[in-house]
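Participant: Residue numbers (this note's numbering), protein chains in the order written: chain A, 1 to 411; chain B, 1 to 375; chain C, 1 to 300; chain D, 1 to 263.
Just so you know, these hints were derived from the structure itself, not from any lab.
Ideal Cβ placement from N, Cα and C applies to all residues, glycine included.
Misleading hints may appear alongside valid ones.
To be verified - Quick list of the computed label-pair ranges, beta carbon to beta carbon:
#	chain 1	residue 1	chain 2	residue 2	range
1	B	R280	C	K92	54 to 60 Å
2	C	R95	A	V47	42 to 48 Å
3	B	N368	C	K168	53 to 59 Å
4	D	E60	C	R95	31 to 37 Å
5	A	Q244	B	D342	56 to 62 Å
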Amino acid sequence: MTLGEIKKSLLAAAWFMFLTFPIMVIKVNTIQKTVEWHWERLLYVAVGGFVFSFLWRYFLRRKQGGRRPAAPVETDEPEAVPAFQRLIHDRRFAMPALVVLGLFVLVFPYLFSMYQVNIMTTALIYVVTGLGLNVVVGVAGLLHLGYAAFYAVGAYTYALLNLHFGVSFWLALPIGAALGSVFAVILGFPVLRLRGDYLAIVTLGFGEIIRLVLENWNDFSYGPSGIANIPRPKFFWFDFSLEQSAVFIYFLMLAMVLLTVFVTNRLKDSRIGRAWIALREDEVACQAMGIDIARTKLSAFVMGSAWAGMAGVVFAAKTTFINPASFTLWESIVILCIVVLGGMGSILGVILGALVLILLPEYLRAFSEYRMLIFGVVLVVMMVFRPGGILSEVRRTYLFKEGLSKDGSLS
Amino acid sequence: MKRYASKRCLAAILVCVAVFAFSGVGLAQDTIKLGVAGAHSGDLASYGIPSIRAAELVTKDINAKGGILGKKIELLLGDDACKPELATNVATKLVSDGVNVVLGHICSGATKAALNIYASASIPVMSPSATNTELTLSGDYPNFFRTIAYDDLQARLQVSFARDVLKVKRVACLHDKGDYGKGQSTLAKQFFEEAGIEVVLFEGVTPGAVDYSAIVQKIKRENVDLVVWGAYHPEASKIVTLMRKKKMDTPFMGADGIKDETFIKVAGEFAEGVFATGPRDNTKNPLFIAAKKAHQDAFGEDPGVFFPEAYSATLALLNAIEKAGSTDFDAVTKALRSEYVDTPVGSISFDQNGDAIGIGFSVYQVKNGVFTTIQ
Amino acid sequence: MEYFIELFFSGLTRGSIYALIALGYTMVYGIIQLINFAHGEIYMIGAFTALIVTGVLTYYGWPHLAIILIAAVLAIFYSAAYGWTMERIAYKPLRDAPRLSALISAIGASLFLQNYVLLAQTSDFLPFPSLISDFAFLDPVSNLFGTTDFLIYTTTGVVMALLTFLIKFTRVGKAMRATAQDRHMAMLVGIDVNRIISITFIIGSATAAIGGVLIASHVGQINFFIGFIAGIKAFVAAVLGGIGSLPGAVLGSLVLGWTEAFFTGYVSSDYEDVCAFVILVIILIFRPSGLLGRSGVQKV
Amino acid sequence: MQPILEIRNLCMDFGGLRAIDTLDLHIGQGEIVALIGPNGAGKTTVFNCLTGIYKPSGGEMLARSPKTGEARRLNGLKPNQVTENGLARTFQNIRLFGSMTVLENIMIGRHCRTSAGISGAIVRNRATREEEKRIVQDSYDVLKKIGLARYVNEYAKNLPYGAQRRLEIARAMATDPFLLLLDEPAAGMNPQETDELNELIIGIREEAGITIFLIEHDMKLVMSLSDRIYVVDYGKKIAEGRPEEIKRNPAVIKAYLGEEVDA
């Protein structure tokens, strides 16, 4: 802690005091025509600013110190991966941890209150949507800002089919997925040739169009007042009590998460999955290597949207009430945050991202009004110090019998 | 490496368990738990926060007098940001935490989503602000009560006033595409048409839009006798201001969403002459005056919207528990339906549907910068 | 025809408002290819600063003209300061990170600023004092547009002209264009890229503040959430016009404004946003880089 | 013998700028042909037109597969279709898939010669499993041929520069081309790496029978490697012929050294 450091932090503190002065200190009420002065807040800002700038620079230095220039590969040294990441790829750790985790997850609903089960189910729904969006954004690199629309398609599919035709949850599940895909194709054909942020804005527009239509077309969607009393899922002919139903949906979601993980994991190292990643890495090179990028993009889009549709059906069944307010742009942004914060392309990362981002605000209820503020800070801090997300994608390695030293090369 | 790994593993599991055990463990009942649920954050926070304050003031009062049934009142807050899916989480949280009664939720949609969770746990719920007609009249929610009259009544009052007093022939019904606004406007349109008045415009404007002059020009072209606004005051003040600036003197009428001091303060001189329906004037009610004063003392400002309703709902709920002598669902709801209680919105009880008896709507007009009862 | 003209000016007002915000958006985007989600929040901070300053000065009875000047200057200054600080904290460390990470950081910053104002001030709508008295000479056309509309039109024009001049003809502007083209190359030829990016943020934020003050006095009320909605619309407008292009931002904003106004006027305001987004999608399908965006041949 | 690649009257305009001007060119099976010219002469543009990245403003491009002898017009094909037709390219500025492993980069090259879809990937039926096995094996074989087998599981972005250049060639090879378009393969290489590259390119021609069309600035490499050379300047062909002819061609010397030097 040198003098220079202290000076820098003092400067930062002074700057923050100055910066926050009007908004923090003066509270004007133009209705009552009153002015309040909160000088004490200036002190908080000063102390906070000082500490913050100290920690900030300390961690920034640590981050930069840790990032050495790309190690020369000739040394055959594995790339420096974080300890945690190495740990989870270590079978000796991963297997017992998986067993313990599996057991914990199975007994979870019997150990904790219904509230815990409920928010865990919500988090699991986000795990599924996060993994779905991960295919589009994380793996194929298509920035998609209208994902909630496909989620809405699923939810309204179940709600409306049930209302008009009494379609059961189990039938609605595949229909929701199918309709999600159909909408993805409708959107995908015209827009997928757009690049980067243009694609982002068109998907955003599409998401808003779906929401606004749901909001305005009362005859079809019952407008902003939504659809109530959507039945919870039944298991064959058992009728559950509310509490049993919560547990049932929890296990249902758990099964869906497993299915999603299974599918995305298989896709990750498949011919199509590799094409998606190549698309993300370099569109031009990808096309030059003989990959039909239009079809590849569309397949990623459809795949991701199918999961959104399916998750939407469960969402409607869990909440029993839906209206367009649940499918705003903000919802799409939250799911995008899950993917990026968790680690683009990394399945485990996205799962962790969903759990953190959805459970964090719930557990932050203790800080009630500060929770969204903290949420914003967490997003910024996470991105600054771990821009790649919690876990980064790890590619599969292949072993060859003949050993790596023998290379019958041409040169 | 191996030892290290297993240690890390153990630590990770411990952390997990600790996190999940963090909350949700039931406590012994030595207090009466009043849940307060609604939008406490997000863009609709200003409708939810007054209800927290109302509940705080009432419980502070009652606890200072020793509580009810010998128990103190404890508040449990739940923020649903007016989102149905969060409302169900809030509801299960409150149920898990063992609430006895709930004040809330604020928005009709969130209330609908949450209600059957409370119902299955036999918890009475009373909203100060959810006006959706179905909530009481559909009969689907036997545990639901409210201290605000429902949309139907208000729309009928608007229509009869427009027909009998203003004698209008052509009206424009506008709303904000929201749950409350569109519902209210749809009812108004229906009753206008039943009364033989032509609704020439029925449209939603986008809340938060930066300019409404296009819709104002459209109103002007349609040459209507009355503009009926169904939603909240921020957009209403923008529209009425633009109308007056464009020298249109078409009367403007809103519902309880604009019957708020803020509307007059924001629209200023342009608010003059605007009609609004809203809960009956209680400003002379001593309890209302006292509640307002308590709010000013505690928070240094005038209470926000739905504060009197929330204050009254809290009083009604706690009174019913006291009269019932327990927090048993049947006893409490019976007390709610049979006992009258004096509140800032008048002496009220509840009917079979859960709607308050003894409250009503009046028509106001802005005169010299204040809402004045005219009918 | 009269109705058409009335709607034309309604659209012009909307479009000019979007343009005031979109200009800053597009500048920042042009230089670091970042969708600065928090730009709308800077605009909101500008409006709040102006509100607070006028509130305080009115309370102490200052003369009207002085209040207007001080409020405007402070709003611009503070917005620029917030923009600069935000860039330093939330974006600069992410310069070499994946672009999506910077986007998430921007979303975080936006959320933080919203809630910061919500907590420090209030969640209610506050009336924004009407500082500018109506111009008498506009009275004959008051059915078409009012004083604030007039000010918004002129300011938008002036701001666009100034920014275009700045970018085309000044040293800083040249450095900005160089940085936008190729940051590493710019660095090699001796441009202090970090400084240029900071300056871009400061200028972008200052235009947002001008927008904030004008729009707030036009709308007449503000709360902490105004930035989000306006920001999204401005972003759409900027992309529509071709993101990175200043005239494009203005053109895109006007197209958006007119689309909304005419659709509201002749069809229904229920679907005005749907129509706006449909137009956006159609334009981007036929002109994938926006109206005035460079559809330049990609370098291989 | 008929040429496997024929370009007739190729033109490419960017706005008012004519980047390629009525270029004629042909390549026969098994040749190594170089395209040289000063910077900005339009060499890479020729490649971009050939591979479908640019749409030429005029002219004809024909490719004739040596196996089937069928001619195919390249105009209007998308890049991936060009690759499917047996032309594969590398890029001047290396464009690898950095976050994928070396082997996976090669496996991408096999994409257009395989067919498994989403459902196959999920179910992992027998056909998919076998195809996948084949992809891995074929890709590994390519790696061995190019001499990158020891990097097999490294991330492409972590490879040394020379190896990245070779990986690009390997990736293009994996698409089973009959014509390989190399855009400045030796750029940035040291003399030793360049020598190795020289051997590699000859090896590719000799062992795999692939025809090579390359753009290169390293004259030593070009002269020792090429059977024939085309020279372009300002989008126009100014000379063609065997290396020794080109060396003596006054137009070429002028283009390279400028007017003022007396050739």
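Participant: State for each hint whether it applies.
Facilitator: Against the structure, the hints:
1. At about 58 Å, the beta-carbon gap between R280(B) and K92(C) stays in the expected band of 54 to 60 Å.
2. Distance hint check for R95(C) and V47(A): the Cβ-Cβ separation is about 30 Å, which falls outside the suggested range of 42 to 48 Å.
3. For N368(B) and K168(C), the Cβ-Cβ distance of about 56 Å falls inside the hinted range of 53 to 59 Å, so the restraint holds.
4. Remark: the range hint 31 to 37 Å for E60(D) to R95(C) is contradicted by a beta-carbon distance near 47 Å.
5. One distance hint, 56 to 62 Å for the beta-carbon pair Q244(A) and D342(B), is violated here, with the actual separation near 43 Å.
Violated hints for the displayed structure, listed by number in ascending order: 2, 4, 5.
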